[in-house]
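**Q** Those protein sequence lines, which keep their order, are chains A and B. Reminder that position 190 of the first sequence reads as 190 in the working numbering, one-by-one numbering, no gaps. Reminder that position 158 of the second sequence reads as 158 in the working numbering, one-by-one numbering, no gaps.
To be clear, the hints were calculated from the coordinates, so they are not data collected in a lab. For clarity, every value in this text was computed on a predicted model and none was experimentally measured. Where is the CB? At the ideal position from N, CA and C, for every residue including glycine. Worth double-checking, as some hints may not be accurate.
Listed next, the in silico BS3-like pairs over lysine-lysine satisfying Cα-Cα at most 25 Å (straight line) [claimed, not checked]:
1. B:Lys64 with B:Lys347
2. B:Lys148 with A:Lys400
3. B:Lys148 with A:Lys381
4. B:Lys11 with A:Lys75
5. B:Lys347 with A:Lys426
Cβ-to-Cβ under 8 Å is the rule here; a few derived chain B residues that face chain A [said to hold, decoys possible]:
6. Glu55
7. Gly56
8. Gly401
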Amino acid sequence: MNSDKNNIIDEVTQGEYKYGFVTDIEMEMAPMGLNEDTIRFISKKKNEPDFLLEFRLKAFSYWKTMKMPQWAHLKIPEINFQDIIYYAAPKKIKELDNIDKVDPELLETFNKLGISLEEQKRLTGVAVDAIIDSVSVKTTFQDTLAKHDIIFCSFTEAVQKHPDLVKKYLGSVVTYTDNFFAALNSAVFSDGSFCYIPKGVRCPIELSTYFRINAAKTGQFERTLIIAEEGSYVSYMEGCTAPMRDENQMHAAIVEIIVMDDAEVKYSTVQNWYPGNKEGKGGIYNFVTKRGICKGKNSKISWTQVETGSAITWKYPGCILKGDNSVGEFNSVAVTNNYQQADTGSKMIHIGKNTKSTIISKGISAGHSNNSYRGLVKISKKAENSRNFSQCDSLLLGDKCGAHTFPNINVKNKSSVVEHEATTSKISDDQLFYCNQRGIDTESAIGLIVNGYAREVLKKLPMEFAVEAQKLLQISLEGSVG
Amino acid sequence: MSKQNKNIALKNKLINLFEENKNSIFKNEPQYISNLRNQAIEKFYQLGFPTTKMEGWRNTDLTKALSKNYNHFFSSKQNDVDVEELFKCEIHDFDTDIVSFLNGFYVNGNSQLRTMSDGTIVGSLAKAIKQYPEIFENYYNKNVQSDKNAFVTLNTAFAQDGLFIYVPDGVEVNKAIQMVSIINHNENLFIQNRNLIILGKNSRLTLVHCDDSINQQSSFNNSVTEIFVEENANLDHYKLQNLNNDSTLINSTFVYQKAGSNASTNSITLNGGLIRNDTFVKLNGQMCDANVYGVYLMDKTQHIDNHVFIDHVEPNCSSNELFKGILDEDATGVFNGHVLVRRNAQKTRAFQSNKNILLTDTASIDTQPFLEIYADDVKCGHGATVGQLDTEAMFYLRSRGITEANAKLLLMYAFAAEVINKISIKPLRDRIDDMVKKRLRGELSICDKCVLHCGSPAKEIHFDIDMSKV
Chain A
1 MNSDKNNIID
11 EVTQGEYKYG
21 FVTDIEMEMA
31 PMGLNEDTIR
41 FISKKKNEPD
51 FLLEFRLKAF
61 SYWKTMKMPQ
71 WAHLKIPEIN
81 FQDIIYYAAP
91 KKIKELDNID
101 KVDPELLETF
111 NKLGISLEEQ
121 KRLTGVAVDA
131 IIDSVSVKTT
141 FQDTLAKHDI
151 IFCSFTEAVQ
161 KHPDLVKKYL
171 GSVVTYTDNF
181 FAALNSAVFS
191 DGSFCYIPKG
201 VRCPIELSTY
211 FRINAAKTGQ
221 FERTLIIAEE
231 GSYVSYMEGC
241 TAPMRDENQM
251 HAAIVEIIVM
261 DDAEVKYSTV
271 QNWYPGNKEG
281 KGGIYNFVTK
291 RGICKGKNSK
301 ISWTQVETGS
311 AITWKYPGCI
321 LKGDNSVGEF
331 NSVAVTNNYQ
341 QADTGSKMIH
351 IGKNTKSTII
361 SKGISAGHSN
371 NSYRGLVKIS
381 KKAENSRNFS
391 QCDSLLLGDK
401 CGAHTFPNIN
411 VKNKSSVVEH
421 EATTSKISDD
431 QLFYCNQRGI
441 DTESAIGLIV
451 NGYAREVLKK
461 LPMEFAVEAQ
471 KLLQISLEGS
481 VG
Chain B
1 MSKQNKNIAL
11 KNKLINLFEE
21 NKNSIFKNEP
31 QYISNLRNQA
41 IEKFYQLGFP
51 TTKMEGWRNT
61 DLTKALSKNY
71 NHFFSSKQND
81 VDVEELFKCE
91 IHDFDTDIVS
101 FLNGFYVNGN
111 SQLRTMSDGT
121 IVGSLAKAIK
131 QYPEIFENYY
141 NKNVQSDKNA
151 FVTLNTAFAQ
161 DGLFIYVPDG
171 VEVNKAIQMV
181 SIINHNENLF
191 IQNRNLIILG
201 KNSRLTLVHC
211 DDSINQQSSF
221 NNSVTEIFVE
231 ENANLDHYKL
241 QNLNNDSTLI
251 NSTFVYQKAG
261 SNASTNSITL
271 NGGLIRNDTF
281 VKLNGQMCDA
291 NVYGVYLMDK
301 TQHIDNHVFI
311 DHVEPNCSSN
321 ELFKGILDED
331 ATGVFNGHVL
341 VRRNAQKTRA
351 FQSNKNILLT
361 DTASIDTQPF
371 LEIYADDVKC
381 GHGATVGQLD
391 TEAMFYLRSR
401 GITEANAKLL
411 LMYAFAAEVI
421 NKISIKPLRD
431 RIDDMVKKRL
441 RGELSICDKC
451 VLHCGSPAKE
461 IHFDIDMSKV
């Protein structure tokens, strides 16, 4: 029975990565390495205004003074930042006003990923901004959005068409001095998504960005900026995949969200970068800084993430709850398998009065992987009557993996209440026995239990994503989800 | 002067002091102890004092404590004190063997080391080093973080005296041993207290460790305690800390447990300027039990920092941590619990809990309950809460005519009682209970001399019921 169970767990945890193909697209690249010339090259390529080049150069000179952070519970091999191509773009990207003009290879890529731009456009009513390597290749549904005065476009386009907005908000939540990877991204970011929801508008469709690393030896550095004006609402989704390669590729992104009075932003991520093979070779290094600020009263930011990919994940989506009565939410399922390492969690900074935050984190580790939750809840002196509840559970499948919890709670106020609880366990024999004696075989039982365990978070995902996320859990823990 | 410079000034002063006083430090001691000292001072030179840039010290700033001028003594200076008067310490109905230390040195010139009828050896560490070199070679400095903990290296280099207890195999010490360490001097003192406690197989010991100060002089006590609990031995350890507001106490305790042993540590912090309790427990055998409890009641600008590291090396062990604290006025608190479950340590049960009440907006708490788990068949959990007194409970009490002050007192007392009730010796529990009540009423001060030196038995909380509201 026991060895049976082990076999099943092995099977369950050894699914193959299904997005590992490479698309042969003609690419345009910057020379390898990082110096001021690279930055000027990128900036020139994108025909950027001076303020942006200045921003990049300032960030670069600051980055040069910094060292790679070592505090995370990760074993990060030394990264040679001169051995990365900082800009790679598919050729022929101009004048993409009609989907027919998109490189057929590219369309095929997205078809394989199950996000046919065409189909997506017609059936699901989700506006998609697809980003391959460094640049955005296609944004759908722009007309519909334009009717509501919503701006949803690539970052490059935003810089050209709405430089004032970009200038005003770029780096306002995540400054280039924030951390090592934020500084690097600020210096070399190539594209990303830009989204602006005007006052009182409820975005009628889900907005979505697909990120794809394709070219070898490249790093992807994109930036997302979302601004929700007073009383607006938007649900934003993000997905990512990469080809299977023996080398490690780097992804260092920044997401900034600004939310005004009574507005709400819902940000969902399904992160499925290539996690490396079973021996831990290859895979994406994912160093992401995501932060939103609830600037206005009664505003809300909610982060939902399903993390299944990447060899190394270093990611702490956070909320700065500045406006009174603002709400921050973080829901996460992180699955690590084989030799994957994840150090992820959330930061909730309470500044305004009556601010509330919830953190639900579910970690699942299998194989030789290590999965850590690291979080910060900070309640400042002025944040009267603030409330936080955090729950981080870890599930261990197999005896070679590790699950860790590193919460930090800092309270400077007497009227606030903070609660944190966490548990770590394996699937209990009692649960399995219960399922078995009701005629459910062990494999399905494990699936059932894992699914039930992650359900609390999965149900927070938008419907389109929930389906995909469930599929992903299936792939990551093959055969387990009934 | 910048923070860094101040730290370096004291560091250099201490290193020079060591060089200058080598003769008196090394006097009459076995060669290997001197070698340890030399290695340790070398290591301390490399490490320096911790700063807030280090993760483990991020929330505990030592700059102020380290920038004071301290005197360092290499021999006992206590001729002019009425020792009898100072240590007349008793707990009602609780018979203890008192071992007294004044300013870091053993008091009681004549019998520095006693061997009791059951073979237990109790007394001064300085004397024991010379008398029992074979025990020291086996145990001394064997289970401390000698390479990364600056305060431990500093202590190893300078340590002159402290408590030594050796309980032979199979001996159950019936009478609790009480260590009373008092600081009373008219100059600022830097004290390096070093204790070594060994429990042989199947033995049992209750140890009460009291840290007190008598006057308002600044002091810096860098205390290191090594405890070895052999197979199936049982240790009950209580730490009572009641120091003045200008004192600094760095208390590093290293517990090493072998199979089937049981060790429980209970720290009760009632007063102190800056107190850091570092507790390291290594469960190095199967079927061990470790309990680490603590309660802290701080006010004014006091700072309390409890760090607990529990290392589960072997399978089938359990550990339990419970820390509760009430922070008033400008007090600051830090809790860091770290449970490490190694790959081999299957069937581990480990629980951690830290609960805090903040009474003012100027008090603050940082809590970090960490779990690091590499084995899959485990049950581990942790919880942390920060809040205030329950408003509904408050309303209930007020609606029964209990004044606000009393209701508050009752609730705070009830909050702390969860930890106090873990004290297994009734007379000691009653006494500490009383101390906590007094502390909460604001009656307790360091002029009560020894923490346990309050004559009358426990007084109930007196309710002045406001009759006009009934």
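**Q** State for each hint whether it applies.
**A** Comparing the hints with the structure gives:
1. B:Lys64 with B:Lys347: Given pair B:Lys64, B:Lys347 is violated - Cα atoms ~45 Å apart, limit 25 Å.
2. B:Lys148 with A:Lys400: violated (28 Å)
3. B:Lys148 with A:Lys381: The given pair, whose Cα atoms are some 35 Å apart, is violated under the 25 Å limit.
4. B:Lys11 with A:Lys75: violated (34 Å)
5. B:Lys347 with A:Lys426: Distance of about 11 Å is within 25 Å: holds.
6. Glu55: Given a least distance of 7 Å, the restraint on B:Glu55 holds.
7. Gly56: violated (12 Å)
8. Gly401: violated (26 Å)
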